[in-house]
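Enquirer: Now for the letters of each chain:
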Amino acid sequence: MSPASTSPSPGRDPLVAVDDLHVEFPTNRGVVRAVTGVSFSLGRGETVGIVGESGSGKSATALALLGLHRGSARVHGSVRLDGQELVGASDGLLRSVRGGRAGMIFQDPLSALHPHYRVGDQIIEAYRTHRGGSKRAARRRAVELLEMVRIPRADRRVDDYPHQFSGGMRQRIMIAMALSCRPDLLVADEPTTALDVTTQAEVLGLLRDLQAELGMAIVLITHDLGVVGEMADQVVVMYAGRVVEQASVESIFSEPGHPYTWGLLGSLVSLDRPRPDRLLAIPGQPPSLVNPPTGCAFHPRCPHAETVGAACQHEIPLLLGTGAGGGTGPGLGNGGGRRVACHLPVERRAELRPAGIGTTSEEVGS
Amino acid sequence: MTLLEVEGLTKHFPVRGGTLIRHQVGAVHAVDGVDLHLAEGETLGLVGESGCGKSTTGRMIARLLTPTAGRITFEGRDITTLGERELRPLRRRIQIIFQDPLSSLNPRMTVGTIIGAPLKVQGLLTGAPLRARVEDLLRRVGLGPEHYDRYPHEFSGGQRQRVGIARATALEPRLVVCDEPVSALDVSVQAQIVNLLQDLQNDIGLSYVFIAHDLAVVRQVSDRVAVMYMGKIVETATREELYRAPRHPYTVALLAAAPVPAARRAAPRKIVLHGDLPSAENPPSGCRFRTRCWKATDRCAEVEPPLANTADGHLVACHFPVDGREAARQT
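The listed protein sequences derive, respectively, from chains A and B. Just so you know, we're using this note's numbering here: the first sequence kicks off at 1 and counts up by one. Just so you know, we're using this note's numbering here: the second sequence kicks off at 1 and counts up by one.
Calculated from the structure, these hints are not laboratory results. Be a bit skeptical, because a hint or two may be false.
Claimed, not checked - A few chain A residues that face chain B, going by a derived Cβ cut-off under 7 Å, partial list only:
id, residue
1, V31
2, E202
3, S270
4, P274
5, L279
Glycine residues also receive a C-beta, built at the ideal position from the N, C-alpha and C atoms.
I would like the entire structure built from these sequences, with the hints used as guidance.
Expert: Here is the structure:
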């Protein structure tokens, strides 16, 4: 059960170890299983990209990592940050972890920043809650942090209000706040989704530089495979609350193994590939989580469900290792062992994968 | 044949101020002298970042907004300043699809009523023939007659966009302005809608002005592409030309910034634009992109570059256009 047994660095626990995480919400219409059995582990300086469409459970996973689910949500499984268990931890412990050893940034910085307080005061407050110290020292730190995220004239802008900044700058202020106590882990939930493409490139570049400098691990939640390609070392693809594929970023793009991942890559218009006459859309709609399809949740939309037969409708496929380096342990590590939850026979996957998805796409257009 | 011709299209929104007496203190130059043309059956992609004026341009073309200056000629007729009454017959010819289908569909009407409304308002059909026609329209966009009596909230985002498309095409228009029609949708559904728009174009011969911030989506649907920055067109070319050999530094930067689904380690180094968009109330002198451009010189601040022909039909507004080899190095 210990993730240490599959850890890439022997004799040391990974910094972040998520094991068999479940999140459920009881509702009038039944239990919504938002997250079912997500596991991954992450070392310092590494990034895992959790990718999926709306309702796939990726944001519920992010919130569960830092104990942010409230009220009726039921969270099981284990999330350990440097060996410390966070699932079921006391509010006091969680409060000291959040903003301290672990930071979080959200899609919409305007809703995360208080409109009535100067950005400097908001950074100072967060910093002093965890580190104490004088106001003067905290203010110096706030200016330093704004400089770190490349806000021009930081010593003056520290006294401005959130509305006086552009969207990209607000996102950088939120990053400054999340990093104020030099966290080991940064959870970033769709951090660039609301930004323009040129601003997005700037913010992603900043996050990469800060990660190289500070060595934090990043859990990046996104619906955008392009952002995953820019940032991630390993990738977790979620569908209807479950992991359908988990692999290194290279192998997700060069040899995707799950028909849903093929569909996502085929649906995506991308400038690194020649323009197809027609996109390979996935038919149908993402499923309801109250009443998900039986068996493999993707089977009603899967073009290969008939190849396999009844198993797809009746049995939930296990997330199993395939190919070189494939392991079955709870942690993936940075070895790139690929795991896929699909009933298709392993040896037939390469042949069934649509043309233009996978290795072939890297050679063209570069 | 030219379907749509836009010359010098301009929209300034007044900015009001003053403590006791409100008066106009300035103007946001949302769109500033845009020239465009569109042939029958063609798709023109209009691409740019938020605030560049692309949606305002689209709304003026659909005549939901009246231009401050300039001229819109549609099917050979000047439609720039038509009043409400004269606009009604025009609505049969020009329609618009919005980004957020939920806010553009009345939540208290059934989908059948929503799609049938244009046909009813125009006095074309009522009763049983209207219902039959709406059922046909539902089928054409990949829904079915069983959806007729349902309400918008019962549909997923992709299905709602199909309803919006059915409504916009109910009158068999010639031109549909698509304003970010897929950017709020999940990736797997985005592709379905893009394919549907292409099928409709082939089946009923539509022309599109396709507005989007996503360069890859624009490449997928457009025959020609115009790139906007701060209310002006900075470059326009055929799809092949624009993506193969972009000439304006802004276009080059936009293309370089678009993340591609490939492991970063395999991807080449990118150029990144620094700084934010200048204020649209007080745009930079000369070339508006110069404050973020790596090629800018004094001349760029003094003289505004005109949108000029560089090669056959490839127009660029830049004093120092990027050549093909330079672009290849930088993207």
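Enquirer: Hold the hint about E202/A up to the distance rule: shortest CB distance to chain B must be less than 7 Å.
Expert: This hint holds: E202/A lies near chain B, its Cβ roughly 6 Å from the closest one there, short of 7 Å.
Enquirer: Holds or violated: S270/A as interface residue toward chain B, Cβ cutoff 7 Å?
Expert: holds, 5 Å
Enquirer: Given a cut of 7 Å on the nearest C-beta pair, is the interface hint for L279/A held or broken against chain B?
Expert: At about 4 Å, which falls below the 7 Å cut-off, the nearest Cβ of chain B leaves the hint on L279/A intact, so it holds.
Enquirer: Can the hint on P274/A be confirmed by a CB-to-CB distance to chain B that is less than 7 Å?
Expert: violated, 10 Å
Enquirer: Is the shortest C-beta separation between V31/A and chain B less than 7 Å?
Expert: Because about 21 Å separates V31/A from the closest Cβ in chain B, which is outside the 7 Å limit, the hint is violated.
In summary, the structure is inconsistent with hints 1 and 4 from the numbered list given earlier, while agreeing with the others.
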